[in-house]
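All chains, full assembly: derive it from the sequences and hints.
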Amino acid sequence: QIQLVQSGPELKKPGESVKISCKASGYTFTDYAMHWVKQAPGKGLKWMGWINTYTGKPTYADDFKGRFVFSLEASASTANLQISNLKNEDTATYFCARSALQWSPFDYWGQGVMVTVSS
Amino acid sequence: DIVLTQSPALAVSLGQRATISCKTNQNVDYYGNSYMHWYQQKPGQQPKLLIYLASNLASGIPARFSGRGSGTDFTLTIDPVEADDTATYYCQQSRNLRTFGGGTKLELK
Numbered sequence: 065q066i067q068l069v070q071s072g073p074e075l076k077k078p079g080e081s082v083k084i085s086c087k088a089s090g091y092t093f094t095d096y097a098m099h100w101v102k103q104a105p106g107k108g109l110k111w112m113g114w115i116n117t118y119t120g121k122p123t124y125a126d127d128f129k130g131r132f133v134f135s136l137e138a139s140a141s142t143a144n145l146q147i148s149n150l151k152n153e154d155t156a157t158y159f160c161a162r163s164a165l166q167w168s169p170f171d172y173w174g175q176g177v178m179v180t181v182s183s
Numbered sequence: 018d019i020v021l022t023q024s025p026a027l028a029v030s031l032g033q034r035a036t037i038s039c040k041t042n043q044n045v046d047y048y049g050n051s052y053m054h055w056y057q058q059k060p061g062q063q064p065k066l067l068i069y070l071a072s073n074l075a076s077g078i079p080a081r082f083s084g085r086g087s088g089t090d091f092t093l094t095i096d097p098v099e100a101d102d103t104a105t106y107y108c109q110q111s112r113n114l115r116t117f118g119g120g121t122k123l124e125l126k
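Protein chains in written order, with the working numbering: chain A, 65 to 183; chain B, 18 to 126.
Do not take every clue at face value.
Far from chain B, some chain A residues (derived; all Cβ distances over 12 angstroms) [unchecked claim]:
#1 S71
#2 K76
#3 S81
#4 K110
#5 K151
With a straight-line cut-off of 30 angstroms between C-alpha atoms, the simulated DSSO-like cross-links for lysine-lysine are [as the list claims (entries may be wrong)]:
#6 A:K107 - A:K129
#7 B:K59 - A:K76
#8 A:K107 - A:K77
#9 A:K107 - B:K40
#10 A:K77 - A:K110
#11 A:K87 - B:K65
#12 A:K121 - B:K122
Source of the hints: derived by calculation from the structure; they are not laboratory data.
Nothing here was measured: the structure is a model prediction, and the numbers come from that model.
Built from N, CA and C at the ideal position, the CB exists for glycine as well.
Okay, here's the thing in structure tokens:
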């Protein structure tokens, strides 16, 4: 069955970096785009951008340009999100989600990773 | 950027109809399709796709859920509402990149 399994929770200090992963199974990884979505505690969903899993090209939403990097380990069917120079406002749950085409909805989601940034 | 606006909350009685609206500041139609999707999220869970392209029911979703609309005005209807439907509902556009609405929390009266 199709699954997106994300890495475990993270506790970091301001200024540190974090890398979280999203491992896909049950389908051909490179046939679907992978998106990243942020949800701050008690808040709504915010689209961060997506990565073309065939070419590796990332696209970032305006609010996520600079400290955020999407990458792939295609041989391992894994997408990664790295956040550098962490700030308190990066405290959130981060979801990965796949879509078939550029316009397609997100039909499968990871379970989410809670990242806590605290001194 | 395309901005999606939803009412923050809605209270409905069991067995009644719930209508959740989503308005956009730009037209999300293109070549006959409306690029609007709906998701349900329960506390502590990932979102689940309910409706895609404004009115198409996603796989495994009960027919109590329906969507309609075009252009800049869209609605998600749940009829009849069941206890398990208490959740937050989000609209999402895919006409230009992606954005989500702020979410509507559905509660029971």
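Item checked: Hint consistency between A:K87 and B:K65 [alpha-carbon to alpha-carbon, up to 30 angstroms] -> holds (18 angstroms)
Checklist line | Distance restraint between B:K59 and A:K76, which requires alpha-carbon spacing of 30 angstroms or less | finding: With a Cα-Cα distance of about 27 angstroms, the restraint between B:K59 and A:K76 holds, given a limit of 30 angstroms.
Check: Taken at face value, is the distance from the CA of A:K77 to the CA of A:K107 at most 30 angstroms?
Finding: With a Cα-Cα distance of about 22 angstroms, the restraint between A:K107 and A:K77 holds, given a limit of 30 angstroms.
Next item on the list: Against chain B, does A:S81 hold up as non-interface, every C-beta pair farther apart than 12 angstroms?
Entry: holds (24 angstroms)
Checklist line | A:K76 non-interfacial with respect to chain B [C-beta, more than 12 angstroms] | finding: holds (22 angstroms)
Next item on the list: Take a quick look at whether A:K77 and A:K110 sit within 30 angstroms of each other, Cα to Cα.
Entry: At roughly 23 angstroms apart (the allowed maximum being 30 angstroms), A:K110 and A:K77 satisfy the hint.
Item checked: Closest CB of chain B to the CB of A:K151 still more than 12 angstroms away -> holds (22 angstroms)
Item checked: Interface-negative label, A:S71 against chain B, beta-carbon threshold 12 angstroms -> The claim stands: A:S71 keeps its Cβ more than 12 angstroms from every Cβ of chain B (closest is about 15 angstroms).
Note to self: Checking one constraint from the list: CA of A:K107 to CA of B:K40, max 30 angstroms. Satisfied?
What the structure shows: Since the Cα atoms of A:K107 and B:K40 sit roughly 19 angstroms apart, the hinted pair holds (cutoff 30 angstroms).
Note to self: Quick check for students: does the CB of A:K110 sit more than 12 angstroms from each CB in chain B?
What the structure shows: Violated, because the least Cβ-Cβ distance between A:K110 and chain B comes to about 7 angstroms, which does not exceed 12 angstroms.
Margin query: Does A:K129 sit within 30 angstroms of A:K107, going by the straight-line distance between their CA atoms?
Written below: holds (21 angstroms)
Next item on the list: For the pair we were handed, A:K121 and B:K122, check the Cα-Cα distance against 30 angstroms.
Entry: This hinted pair is violated, its Cα atoms lying about 35 angstroms apart.
Hints 4 and 12 from the list above are not met by this structure, while the remaining hints are.
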